[in-house]
Amino acid sequence: MKTDRIFRAVLYAGGAFVALLVLLAFLSLCHASWLSLKKFGIKFILSREWDPVNEKFGALPFIVGTFMTSIIALIISLPFSISIALLLGVYLREGFIKKVLTYATDLLAGIPSIIYGFWGLFFLVPLVRKLEMKLGVLPYGVGILTASIVLAIMIVPYTSSIAREVISMVPGDIIEAGFSLGATTREIIFGIILPYARSGIFAGILLAFGRAFGETMAVTMVIGNSNCMPKSIFCPANTMASVIANEFTEATKDIHLSSLIYIGLWLFLFTFAINLLGNLVIKKFRVEVKNE
Amino acid sequence: MGDKILKIENFYAGYGHTWVLRNINLEIPEKKLTAIMGPSGCGKSTLIRCINRIHELNPEAIYRGHIYLNGKDIYKMHPTIVRRKIGMVFQKPNPFPTMSVYENVIAGYILNGIKLKKEEKDKIVEDALKKAFLWNEVKDVLHRKGTFLSGGQQQRLCIARALAMKPEILLLDEPTSALDPKATSRIEELIVELKKTITIVMVTHNIAQAVRVSDYTAFIYLGELVEFGPTEKVFAAPERKETEEYLVGKFG
Amino acid sequence: MNSRNRVVKDNLFKLFVFLLAALSILPLFLIIFQTVRNGISAINPEFFYKLPKPPGESGGGILNSLVGSFMLVILATAFSVPIGTLTGIFIAEVRNSFTELLRTLVNILQGLPSIVIGILAYLWVVKPMGGFSAISGAVALAVMMLPVIIKTTEETVRLVPFTLREASFSLGATYTKTIIKIILPASARGILSGIIVGTSRIIGETAPLLFTAFGNPFVNLNPMKPTDALPLLIFNYAMSPYEEWHKIAWGASLVLIIVVLGLNLLLKMVGKRWETKF
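Residue numbers (my numbering), protein chains in the order written: chain A, 376 to 667; chain B, -4 to 247; chain C, 9 to 286.
With the rest of the complex left out, here is chain A:
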């Protein structure tokens, strides 16, 4: 019927709009960073100089800063998120503690990043400063480590929820088989559950990594905004996202703005690749579990 054809056409139009949006996003970023892309090319990401006054732009310090903060954040958060996943997926049956823990992790994911940043600035920065004084390094307080801790807190709910999902997909009968052989819960976790859920948990880590990678506000507020190459985890630095947040409205020269957007393009590409990989791994995991 005619209305059906129109309705289908409208559905396709909606889908096409969203598809075009993503495509257009990529093209717009390319177009707007063309000036910088033409001038610096691929070397942009290998050059360590970021000097708006002399119009020299290289994004390496920010790329290094981004990788450092996100990887450290992942390392810090991993034991915590796995613990939550084990607690929710293995140790706790329905009950009060489970409810509280589920609700708390939901909230942890729901708190706006600006509040994480604000809290980090007024609570974590003094703590890190104390630590730095004890260690005898320059007590900035702000820097890579502080940003990583804030990020670690923020990504715990992401990794744990995916880890929990994959743990719950471990077939109950092989767990029972393990118990009936006389294994303890700990042995089952390390011998059966974690090996089985390995690739799924890896996907969770990737997705959390993607999230940490692009996080802006919380990082911007506690990383110290220095355009130098970070030399240690206590150094003030900048991530790709934080340098854009800091300099975008102040960039008066076209080449400066274009270079910032060029960083945005790289950020787009990196997170794109990380998320794509994460989604592929988890899809593959789901299919494998189904087929067994």
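Honestly, the hints are just simulated from the structure, not real lab data. Only a predicted model underlies this, so the values are computations on that prediction, with no experimental measurement involved. For each residue, glycine too, the CB sits at the ideal point set by N, CA and C. Check each hint, because a few of them may be wrong.
[Claimed, not checked] Covered by chain C, per the in silico footprint, the following chain B stretches (three or more residues, Cβ under 8 Å):
{"id": "1", "stretch": "98 to 107"}
{"id": "2", "stretch": "154 to 163"}
{"id": "3", "stretch": "180 to 194"}
{"id": "4", "stretch": "235 to 243"}
Starting from the known structure of chain A, arrange chains B and C on it as the hints suggest.
Just chains B and C now, with coordinates in the frame of chain A:
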């Protein structure tokens, strides 16, 4: 055998690359109840789903052949018209969860965008619910959600919903398989009453049920129509070995 | 094998897991506790209907950002819900290689860093319009909300049992009517919770607003003009050197946390009250 309202000719149907039904030829008599029987997986559900063109909703569906309703090929008509003339009730009661009892009964009119006056609607709802033996139980809760009813009541609501469209044929796809014995016997009483005024085609795997309610029985085995005739004859003196074996329980 | 040793190890490990889990939600309580402690004193009736005061003067309110956030959320919802619902239905209903690709694209959209979305809204709206505006901020937020709406719609449409569809078709309904009158009402709860989740995702977003909505010390109701928002105000005041402004920022943070908590609660209620029984 009376007048034939529906003729199925050289009909094939299936999914993907496999035919589930092969070369079905069947004439359904008017205002009688025809039971379609056979072991599970034989294609009996597929057959009645072809009669009101629900089968083709499955993207894998394939079919060929002819089905005539009063002499007109239903596969040359628009499917929505066919479905309005041939109502269907499914295995599991499926009232629309967002609609009240009242709205469920006139759902066919709502969905087809047919505007009715309040009195007309009230009359259709009352008539359909009375025909479905449900009026006395729900007349005070007409505006509550249909999903609050018991399973048997829900199924009678679904029958009322189909009857409200005043179809020429009512298809029942194992309508009692999800119900308890008491609800089942209510539905059977209802069906016996209904067949006086409307042609019914019912799929069932319950042999006793077929004996209790049907006038004619078609037996389908491995996708082919093996036997068709008046119910007493098919049960008392089956012509084919497969029918006999099924009736004494060899296929389970 | 020493079985006693194994049991001890098992218990120690269990203790360790419980401890780490408890530690990981500790920040939540710290954040809430400290925001309440620092923010509660800033909150009084004035806080909600007055404009901010210049540094040095105490008191003042955050009316400009409350109004701004409200406007941004309404506009972003109005942009993203129709298109998101449509796309969600599309992905759930149609299965071909295009919808498969679309699903991947939606995941990519969801993974886009918010700052990049800010750049896009700047390029698409701010630059052509020649200045910062509420509408550009709303576009950025709508892009962030879109994947949430699409995914929740898709999930709930998929949950509607196929038998309902059959019932509708067997009454002679067309495809369009079946979707609009049967499938959509049955998925209303899911779509509504998608809107709530989406709102709580964008209400605290700052990065995409930095160079779109930009901020505004005054109440603005014109979508073509720059506007303030709660998270923007928190950012600007938190990074300022003034003690009084920090206090306002804590107060605003408390308001924001309460809004997010409230949306979470609302989500739970919607789940219970609107649940469609099949």
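If you look at each residue in the stretch 235 to 243 of chain B, do at least three have a Cβ nearer than 8 Å to any Cβ of chain C? violated (count 0)
Do three or more residues of the stretch 98 to 107 of chain B come closer than 8 Å to chain C, measuring C-beta to C-beta? Answer holds; 5 residues pass the 8 Å Cβ test.
Mind taking a look at whether chain C covers the stretch 154 to 163 of chain B? Criterion is 3 or more residues with CB to CB distance under 8 Å. The restraint on the stretch 154 to 163 of chain B holds, since 3 of its residues have a Cβ under 8 Å from chain C and three suffice.
For the stretch 180 to 194 of chain B, does the count of residues with a C-beta closer than 8 Å to a C-beta of chain C reach 3? violated (count 0)
Figure legend: structure checked against the earlier numbered hints; hints not met, in rising order: 3, 4.
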